[in-house]
Amino acid sequence: MADVSRTHRVVVVGAGIAGLTSALLLAARGLDVTLVDKSATPGGKMRQVMVDGAPVDAGPTVFTMRWVFDQIFAAAGARVEDHLKLQPLGVLARHAWRGHEPRLDLFADIQRSAEAIGEFSGPQEAQRFLGFCRQARQLYDHLEGPYIRSERPTLGSMVGDLGPRGLMVLMQIGPFSNLWRSLSRHFRDPKLQQLFARYATYCGASPWMAPATLMLVAQVELDGVWAVEGGMHAVARAFSALAEARGVKLRYGCGCEQVLVRDGRAVGVRLSDGEEIAADSVVFNGDVNALAQGLLGDPARRASAPVAPARRSLSALTWLVNARTSGFPLVRHNVFFDEDYASEFDDIFRQRRLPRRGTVYVCAQDRTDEGIGSDAPERLLCLVNAPADGDRRPFDVSETEPCEQRSLALMRECGLSIEWSPQTHRLVTPADFERLFPATGGALYGPATHGWMSSFHRASSTSRLPGLYLAGGSVHPGPGVPMAAMSGRLAAETLMAHLDSTSRSRRVVISGGMSTRSATTGGMA
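So for the sequence shown, this note's numbering puts the first residue at 30; every next one is plus one.
One or more of the hints may lead you astray.
For each label pair, taking beta carbons as the anchor points, the in silico distance ranges come out as [to be verified]:
(1) Q100 to G259: 21 to 29 Å
(2) R291 to R141: 40 to 48 Å
(3) H112 to A339: 22 to 30 Å
(4) G400 to G160: 25 to 33 Å
Bear in mind the hints are in silico, worked out from the structure with no lab data behind them.
As the structure is a prediction and not an experimental result, all values here were calculated from the model.
The beta-carbon is built from N, C-alpha and C at its ideal position, and this holds for glycine as well.
Sequences and hints are given; from them, build the entire structure.
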């Protein structure tokens, strides 16, 4: 019998990292794969924007969990180092509070971080930090397989897969507790609680509502953070080039208008120009709420449950900058804190307004550990968390200007001055993100990771519509570049498992029929 995979046609909708991963892995397995995206270039949220003549990364800025990408490339018969130039960072991030001093660096070397914390907060806090890291390591080791690598974890499957030792680790951190409460048990210094509470925002969540399990992000960073030559957009370009080399047909500048459904099954897509592409399976790499709202046709609504606005994750105000800086020794990743951290998340999630005292994250895209820049302009992404209400209000200048001035003032009080002008920066609001990624309200991380059961409420790679598979940051295992890539891998593996199962079933039917005929013939003889 002919190999079914050789004739199986797949359309992947969306060239974010999850869609690129699915397309690459499915093509490497021999399937006929077409990738479509409305943008002219790959990347989805990993996009670049020209600012005063320079390309600035306008989305994710951190490259972690390299093992995810090593495994994906290996499955496609390639090596990461042959396609991307990565530089490990010794300084994970530089943190500052109002007033020029003190500053606190975290390092890839855990002992250097402990020494820095000891100087910043005292030797007892340094010991507490080491204990925190040990617990984060244990948590990560036990959850990586049962959760991150699992196609559709449930509470029951997690309990079974964790086993007694894993359950003991989980109970030690207080799985029903929130991250802030857990950090308050680990650290006495409010500034350290504030610093490590940032891990909740990596998933678009509030530290006061996010589960304590997010402390495992500490181990993710300790396993390595890299700078990518050419920016994070270079990752998308590398995936796209390798996918094309493995036979994927790339259709950039072609938006998907509708997922075609026949007899209760996805059978292809209709593009915005009216062209229809038939398929045996479709992989959707976009926010699942776009399906639930009918943006890809009424028949595809059933594929996923809608996400209520109250369940959305954080959005952001971002300023894409190409300007000279002075006064603060920037490294690659920098965080500027206000004192009242709780008010930031109360403003965003309860008051639904831009924070009056928001944290400012700055990615200095031309810097590495040395932190020494030339006198030339440098590329920055400056970010303040915001409510995901981009489909409800315009976020016009009356709202964004005060936030911009507060953010600039905070950075100045921490020592950083930026030559800010209309020519040197571009503002992106939640309303802009909603236009780029419809049905999200500008949410950048899918549903918010709020509550200890939230991880089990995410959609999985298997949708409710046969033939349609899901990938991206809005589905399991969650947001962030490596997690989204993992979701693309899970979607490809799930599709292949369904295809292999169908193929085996056909072989069993054919084999069974031959066996019956042989028995009958033998009896007649």
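Comparing the hints with the structure gives:
In this structure the hint that Q100 and G259 lie 21 to 29 Å apart at CB holds, the actual value being about 22 Å. Taking 40 to 48 Å as the suggested C-beta distance range, the pair R291 and R141 does not conform, at roughly 60 Å. Against the hinted window of 22 to 30 Å, the Cβ-Cβ separation of H112 and A339 comes to about 41 Å, which falls outside the hint. Range check, G400 to G160: Cβ separation about 30 Å, and the 25 to 33 Å hint holds.
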